[in-house]
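Visitor: The opening residue of the sequence shown carries number 1 in my numbering; numbering runs sequentially from there.
Hints were generated in silico from the structure; no laboratory data involved.
The structure displayed is predicted, hence computed values, not measured ones.
Be aware that a few hints might be false.
Listed next, with one range per pair, are the computed distances between beta-carbon atoms [to be verified]:
1. 279 / 341: 26 to 36 Å
2. 166 / 26: 36 to 46 Å
3. 190 / 286: 33 to 43 Å
4. 187 / 74: 15 to 25 Å
5. 176 / 305: 20 to 30 Å
6. 202 / 279: 21 to 31 Å
Below are the BS3-like pairs computed for lysine-lysine, each with C-alpha atoms no more than 27 Å apart in a straight line [stated by the list, open to error]:
7. 85 / 100
8. 306 / 259
9. 336 / 359
10. 336 / 306
11. 306 / 359
12. 85 / 356
13. 336 / 259
We put the beta carbon where it would ideally sit given N, CA and C, even for glycine.
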Amino acid sequence: MHYTQLISGALLLPSILSVSACVTPNPAPSAFSDFNDNIFFFPAADAVLWKTLYARSLQLPDESLLMTWENYPAEPPLVNHPIYKSVDGGATWANFSSIKDQVNGWGMRFQPFLYTLPQAFGGYAAGTLLAAGVSTPFSLEGGVYIDLYVSQDSASTWNFVSHIAYGDGPEDITSGHAAIWEPFLMMYNGQLVCYFSDQRDSAHSQKLVHVTTNDLLTWSDAVNDVAYSTYNDRPGMTTVAHIESTQQYIMTYEYCGSKSCAVYYKTAANPLNFDSAAGIALVGNDTSRTVPYGSPYVIWTPNPAKSDGSGVIIASGGSQEPVFINGDDADPLGWKVVDVGQWSAYSRSLRIITVKGNKKLLFGNGGNIGDTVCNSVANGVVEVPY
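Could you build all of it, start to finish, from the sequences and the hints given here?
Guide: Structure representation (structure tokens):
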């Protein structure tokens, strides 16, 4: 993570390099079309901190879309992760449900993540929806959980399943404070994996770890994925994609120990063994050697221009509007910078979706840390770049 101090309230939380400017919303796009910068949620006037942040998406089998994000309304009631739904390819959205804290009395506060079980697992059918997120008090003191919730009715209702991980807090970025952040879920080899950022190890200001479960109820001890020998180096914000054509996995993260928290990546045949893989700086192969900074996201998809099973790695960084695309080998010299016309955002999410049978790239924008005035939630749908 890249960080700054929020003076008001003396809270320490993540920060991103750029601050969005207030904009006039674009007209609502046509249903099932391609579009950019479609603002569909404005926070209430009395919303606090950054108002919105960290959008995450999911697609249901009927091609409808879900979006959630960090939401900062005035409390009470306790903060939750809203679920909005689109039935027209992301052009318009409506409030659908919410993921509420059912066990801690703190609220669901930070970094939601949505996932669909690809197989029957833990007593739940394939297609069951999972949501992970950070629950901690508004004061950020008194403990923090990464919690797991489940929906068996296509996101209409959600129920608590288990605590994935616990830290004593406070939930800020002060070295020595036992905070945990940024869950990312993925099935691998009959286990559900949760990757997250971990400040609980006294040998590291922050490191990246994962835990696993065989039943959704009990979780393993944390295993390192990225841990630098320099105490103050802070890798953060794991995302992972399966390169299906090569059966490799790619992990992106921000390395706050490099200049401006540059985006790095690792590849491995086993996504539980990233710790032994070397971290590589992600640098564009354009003439400017463009470097993305902060809050990355990565996905893989079959190459839409080929029928040989090869694919495209698509990566995003918080500082850049373009995406960075590469071939299946994740060649350090192969990162092409592609303009997609979508605003940059803190931890802008990527997802391949199906719109009327055609594959598209969906963006989820929640705004930027540091912007206490203009943040909102927006999306974009574009052709898959290659």
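Visitor: Hints broken by the structure, by number, lowest first?
Guide: The structure breaks hints 4, 5, 8; every other hint is satisfied.
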